[in-house]
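Start from the sequences, fold in the hints, and give me the full structure.
Every number in our numbering is 79 more than the matching position in the sequence shown, counting from 1.
These are calculated hints, taken from the structure and not from any lab test. A couple of the hints might just be wrong.
What the hints assert, rightly or not - With a cut-off of at most 27 Å between alpha-carbon atoms, the simulated DSSO-like pairs for lysine-lysine come out as follows:
{"id": "1", "residue 1": "LYS172", "residue 2": "LYS120"}
{"id": "2", "residue 1": "LYS177", "residue 2": "LYS120"}
{"id": "3", "residue 1": "LYS168", "residue 2": "LYS120"}
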Amino acid sequence: MEEGKGAFLRVRGLLRLVVPWAIFERVWEVPLEGLRREGVKGLILDYDNTLALWRGPLLRESRGWMERALRAGVRLCVLSNAARGRRVKRAFKGMGVKVEARALKPLPFSFRRAARRMGLRPEEVVVVGDQIFTDVLGGNLAGMRTILVRPLGRREFVTTYFVRVLEGLVLRALRARGLGRPSGLLGGGANVASHREDKGGRSLRPPCRTQLLSGHAQCGLRQVGAGLLLCSVRCSASEAFLGGGGHKGAQHGGGQCHHPP
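Quick look at the structure:
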């Protein structure tokens, strides 16, 4: 009995290392105002399939979101395992964004070094990326909060295809242990499901009403244990990340989740 309990606790401890603080469909849907209220002062961002298609240029939506973050005083550092750092550095020339290439993610020292370059402590930084076993694992090991986003495209480094299989197993394991269930409304806050913001930095209300993070009421927010939160911006994202048949029309904290057809 004791051996079984110990094994369960060990598995739960390992799973905690790969559980993101939040999940969004796209990086530009991460709400800057919500992060600010959570005390976040800096972001460490993955590049390929997070800000740009694999080996592609920086997407316009990503650039716009990053520029808004910089104007809001959020410090940014792009952390990439890419061997050719010039391609990544070129994408951010003149933006005031720090870049670390050949990062050897998920080793935590690269994340801590990026935080030091921004002049911040780990608890003031959130890591955003599309891979559990590099971005989420490394950020968690470094003592930072982490956000998982859906990959922008299917093309990626050949070994990543095998890692994606493991990611699917991990997400199913989290779901099987009761992680990812709706937690209901957790307080007030601005709607944050869309990257569009007005001139005051406030999110404009999108068709799918979603809100972020502890202290911000949200349709689709999911409590995942130890204060960690998972958030799917759309039903399709929820299905892709957490499995199951989606939740169109499901009740969340007494509210109805409405998605366009």
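Here is how each hint holds up against the structure:
Pair hint LYS172 plus LYS120 holds up; C-alpha atoms about 22 Å apart against a cutoff of 27 Å. A threshold of 27 Å between alpha carbons decides the hint, and for LYS177 with LYS120 the separation of about 14 Å falls inside it, so the pair holds. For the hint pairing LYS168 with LYS120, the CA-to-CA distance comes to about 22 Å; that is within 27 Å, so the pair holds.
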